[in-house]
Every structure is written in structure tokens, then in C-alpha cells.
Amino acid sequence: MIEQLLPTIKDPADYIAALSLFKVDVPLTKEEPERLLALYAKYRPEAEDPDYLKICLAVDLLPGRDREDAAGLAALGLDERSLEAMFTTKEVVAGREDLTEERAAHIVAQATDETLPMPLRVLVARTALDGMTASRNYVALRQHIAALAAFLSGIGAGTLDRYTTLVGEVRMKCRR
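Mapping the sequence shown onto the numbering used here, position 153 (from 1) lands on 153, and the numbers just tick up by one.
Wrong hints could be hidden among the right ones.
[Claimed, not checked] List time: in silico DSBU-like cross-link candidates among lysine-lysine, alpha-carbon distance up to 30 angstroms:
#1 K10 x K30
#2 K30 x K42
#3 K10 x K173
#4 K173 x K42
#5 K173 x K23
#6 K10 x K42
#7 K23 x K10
#8 K23 x K42
#9 K30 x K173
These aren't lab readings, by the way, just hints derived from the structure by calculation.
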């Protein structure tokens, strides 16, 4: 998302503030997420959806970070379950762990957790569904695939379309 945002920024102060996304091995300060979210709101067309902006920013911050770095992302205002879902998505994309039935059940629970932001739920469901259908454990995962398919079908084409761009971003940024 940042790669789309940077070229649109004309104000030098905004541009410099956006560069804080590229910090390495240093958690964000308390002020930086607020400033970055303000930039996303100013320069992204989806500004009316604060949950989507937070997830976009989290996706930009995810590469190079692991679960141990979750505290550095907590400044975004995402709760522990949301951060867990972000890292689960990253791991599915990276192929770090086989998709077992237990793991698939956990992912379905995340996707259907109504307390999580909808953009994150769609991201988790789409990413996991793609991974499960390509898995060697496909037959064992069919029940979970059906649950994710039912969730995605139930939210409607408009919602699915709106948040699906996040899937491509995570794939691009989090593959090994």
C-alpha cells in the first residue's frame, strides 16, 4: 500500500513522515502510528473506513516482523486478537507451517470472529482459503474450506471486492 501512497504525496513533511514505515528493528513511537494513519486517511481513497486504513498500515509494517515484534505494532490500536490474525495470515502466505486441521479450525475461528475488523476477516479468510485449496491436506481440510467459502459468500461481492486488494499486498510482501 505504501508503494501506492508515496507517489501521491506532494507535501515534503508528509513524505518524510511516511518514511517512518521503513524503520528496521525499532518499534514505532506512540505518535508515529497516529501520523501515519492521518497520512493514509489524507492520501487514500478509502479514508472513510478507519479499520481498513489500520489494516493497510499493518500490512505495510508486517514484512520483517514476527510475533515477537507484535508490541511494536500494538501502537496501531489493533488488539491482541487482530495482531494474532495478522501474523497467522503472514505465516500462511509464507508457507511456514503446514495447514493442519487444528490450524485450519483456528483460522476459521479468526475469520468468523465478529469482533475483528471486517477487512482483517476477509484477509484471513481469502489467504487461508487459497492456502487450504492448494494444500496437500486438502481432503482433511474440506470442512474448513467449506466454512471459509460460506463466510466469504455470506459477506457479499461488494465487501469481498473492497478488501481483496489486501490479499495481494500480503502475498507480495510476506512471501519467503
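Next item on the list: Compare the structure with the hints numbered earlier in the document and write down the numbers of the violated ones, lowest to highest.
Entry: Going through the list in order, the structure violates no hint and respects every one.
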